[in-house]
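Just so you know, we're using numbering that gives the first Met the number 0 here: the sequence shown kicks off at 0 and counts up by one.
Please note: incorrect hints may appear among the correct ones.
DEER-style ranges, computed between Cβ atoms [said to hold, decoys possible]:
(1) His26 / Arg118: 13 to 21 Å
(2) Thr45 / Val148: 19 to 27 Å
(3) Glu82 / Ser29: 17 to 25 Å
(4) Ser2 / Asn145: 17 to 25 Å
(5) Asn145 / Lys30: 14 to 22 Å
(6) Arg35 / Lys79: 18 to 26 Å
(7) Lys108 / Asn33: 34 to 42 Å
(8) Gln121 / Lys74: 19 to 27 Å
(9) Glu6 / Lys74: 18 to 26 Å
(10) Lys130 / Glu77: 34 to 42 Å
Straight-line C-alpha distance at most 20 Å; calculated PhoX-like pairs for lysine-lysine [unchecked claim]:
(11) Lys79 / Lys108
(12) Lys48 / Lys78
(13) Lys21 / Lys48
(14) Lys157 / Lys131
(15) Lys143 / Lys30
(16) Lys21 / Lys66
(17) Lys74 / Lys156
(18) Lys74 / Lys48
(19) Lys108 / Lys57
(20) Lys143 / Lys159
(21) Lys157 / Lys78
(22) Lys143 / Lys108
(23) Lys57 / Lys30
(24) Lys30 / Lys159
(25) Lys131 / Lys78
(26) Lys30 / Lys108
(27) Lys57 / Lys130
(28) Lys30 / Lys55
(29) Lys55 / Lys79
(30) Lys143 / Lys79
(31) Lys55 / Lys159
(32) Lys55 / Lys131
(33) Lys130 / Lys156
(34) Lys159 / Lys78
(35) Lys74 / Lys30
(36) Lys78 / Lys108
(37) Lys66 / Lys30
(38) Lys57 / Lys74
The hints are simulated quantities; they were obtained by calculation from the structure and are not laboratory data. Just so you know, even glycine gets a beta-carbon here, dropped at the ideal spot from N, CA and C.
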Amino acid sequence: MLSPEIEDFSTSHARECCEIAKENWTHRLSKVYNQRIVSYFVNQCTPEKFIGSSRKGKIFVARVSQKVIGFVAVKFLEKKSLEIARLFIRPEYQNQGIGSLLIRYLENKYRNIERIIVRSAQLQETVNFYKKNGFRIERELERKVNDEVLREYLMVKKVK
Numbered sequence: 000m001l002s003p004e005i006e007d008f009s010t011s012h013a014r015e016c017c018e019i020a021k022e023n024w025t026h027r028l029s030k031v032y033n034q035r036i037v038s039y040f041v042n043q044c045t046p047e048k049f050i051g052s053s054r055k056g057k058i059f060v061a062r063v064s065q066k067v068i069g070f071v072a073v074k075f076l077e078k079k080s081l082e083i084a085r086l087f088i089r090p091e092y093q094n095q096g097i098g099s100l101l102i103r104y105l106e107n108k109y110r111n112i113e114r115i116i117v118r119s120a121q122l123q124e125t126v127n128f129y130k131k132n133g134f135r136i137e138r139e140l141e142r143k144v145n146d147e148v149l150r151e152y153l154m155v156k157k158v159k
């Protein structure tokens, strides 16, 4: 099993994090979203935009040697809640416990948090991953993205 190091995001990670996000949007999310939505997300991801979004919350990267293999981006909400905005792992490193490691890292780092929420794609493997990590589906969500309806699940994990 891999033992990646987890560290704070820095601007030097932006390019690799964008690559990882684009790989996931292209290969996984295209299973549940149409090409127009996938293209919208892929085109929105640039290193500059990634750096800008990192100022709105916190991003942690998982590294093996000098290679970024995954990341989690979070936002702090009121009422001691944390939202996972993005959690992506390079496809060749998926199913090796790295995503679960990043969730445990958040729980240990932010011990005052009472719950973690995530808006998950309605992709069975993604839902199964979050359920395995203690999340439950609270409700279905719909939002408009680029004039398309995006269906997601709001999933919640009570930490305390």
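Structure-based check of all given hints:
For the pair His26 and Arg118, the supplied restraint of 13 to 21 Å holds, since their beta-carbon distance comes to about 20 Å. Look at Thr45 against Val148: about 25 Å separates their beta carbons, and that is inside 19 to 27 Å. Checked against the hint of 17 to 25 Å, the pair Glu82 and Ser29 passes, with Cβ atoms roughly 24 Å apart. With their beta carbons about 39 Å apart, Ser2 and Asn145 fall outside the hinted range of 17 to 25 Å.
Checked against the hint of 14 to 22 Å, the C-beta distance between Asn145 and Lys30 comes to roughly 18 Å, which is consistent with it. For the pair Arg35 and Lys79, the supplied restraint of 18 to 26 Å is violated, since their beta-carbon distance comes to about 37 Å. Hint check: Lys108 to Asn33, Cβ distance near 36 Å, so the stated range 34 to 42 Å holds. The hint said 19 to 27 Å for the Cβ distance between Gln121 and Lys74, and at roughly 21 Å that hint holds.
Separated by about 19 Å at the C-beta atoms, Glu6 and Lys74 satisfy the suggested range of 18 to 26 Å. Distance hint check for Lys130 and Glu77: the Cβ-Cβ separation is about 26 Å, which falls outside the suggested range of 34 to 42 Å. The hinted pair formed by Lys79 and Lys108 meets the criterion: a straight-line CA distance of about 13 Å does not exceed 20 Å. A hinted pair counts as satisfied when its Cα atoms are at most 20 Å apart, and Lys48 with Lys78 does not qualify at roughly 28 Å.
Distance check on the hinted pair: Lys21 and Lys48 sit about 13 Å apart at the alpha-carbon level, within 20 Å; holds. Restraint check for Lys157 and Lys131: satisfied, since their Cα atoms lie roughly 14 Å apart, inside the 20 Å limit. Proximity of Lys143 to Lys30 is assessed by CA-CA distance (about 18 Å); at most 20 Å being required, the pair is judged to hold. For the proposed pair Lys21 and Lys66, the alpha carbon gap of about 16 Å is at most 20 Å, so the pair holds.
Pair hint Lys74 plus Lys156 holds up; C-alpha atoms about 15 Å apart against a cutoff of 20 Å. Restraint check for Lys74 and Lys48: satisfied, since their Cα atoms lie roughly 16 Å apart, inside the 20 Å limit. Of the supplied pair hints, the one linking Lys108 and Lys57 holds, its CA atoms being roughly 12 Å apart against a limit of 20 Å. For the hint pairing Lys143 with Lys159, the CA-to-CA distance comes to about 33 Å; that exceeds 20 Å, so the pair is violated.
Distance restraint check for Lys157 and Lys78: the Cα-Cα separation of roughly 12 Å lies within the 20 Å cut-off, and the hinted pair is therefore satisfied. Between the alpha carbons of Lys143 and Lys108 the distance comes to roughly 33 Å, so the proposed pair goes past 20 Å and is violated. Only pairs whose Cα atoms come within 20 Å are accepted, and Lys57 paired with Lys30 is rejected, the gap being roughly 28 Å. With a CA separation close to 34 Å, the supplied pair Lys30 and Lys159 exceeds the 20 Å bound.
Between Lys131 and Lys78, the direct Cα distance comes to roughly 25 Å. Violation of the 20 Å bound is thereby established for this hinted pair. Proposed proximity of Lys30 and Lys108 is contradicted: the alpha carbons are some 33 Å apart, above 20 Å. With a CA separation close to 23 Å, the supplied pair Lys57 and Lys130 exceeds the 20 Å bound. Note on Lys30 and Lys55: the hinted pairing is violated, with a Cα-Cα distance of about 29 Å set against a maximum of 20 Å.
Restraint check for Lys55 and Lys79: the C-alpha separation of about 17 Å stays at or below 20 Å, so the hint holds. With a C-alpha separation of about 27 Å, the suggested pair Lys143 and Lys79 falls outside the 20 Å cut-off, and the hint is violated. As the CA atoms of Lys55 and Lys159 are separated by approximately 25 Å, the hinted pair breaks the 20 Å bound. Between the alpha carbons of Lys55 and Lys131 the distance comes to roughly 28 Å, so the proposed pair goes past 20 Å and is violated.
Between Lys130 and Lys156 the CA atoms are separated by roughly 9 Å; this keeps the pair inside 20 Å, and the hint holds. With a CA separation close to 13 Å, the supplied pair Lys159 and Lys78 stays within the 20 Å bound. Between Lys74 and Lys30 the alpha-carbon distance is near 26 Å, which puts this suggested pair outside the 20 Å criterion. About 17 Å separates the Cα atoms of Lys78 and Lys108, which keeps this hinted pair within 20 Å; it holds.
Between Lys66 and Lys30 the alpha-carbon distance is near 27 Å, which puts this suggested pair outside the 20 Å criterion. Taken as a hint, the Lys57 and Lys74 pair is honoured in the structure, with Cα atoms around 7 Å apart against an allowance of 20 Å.
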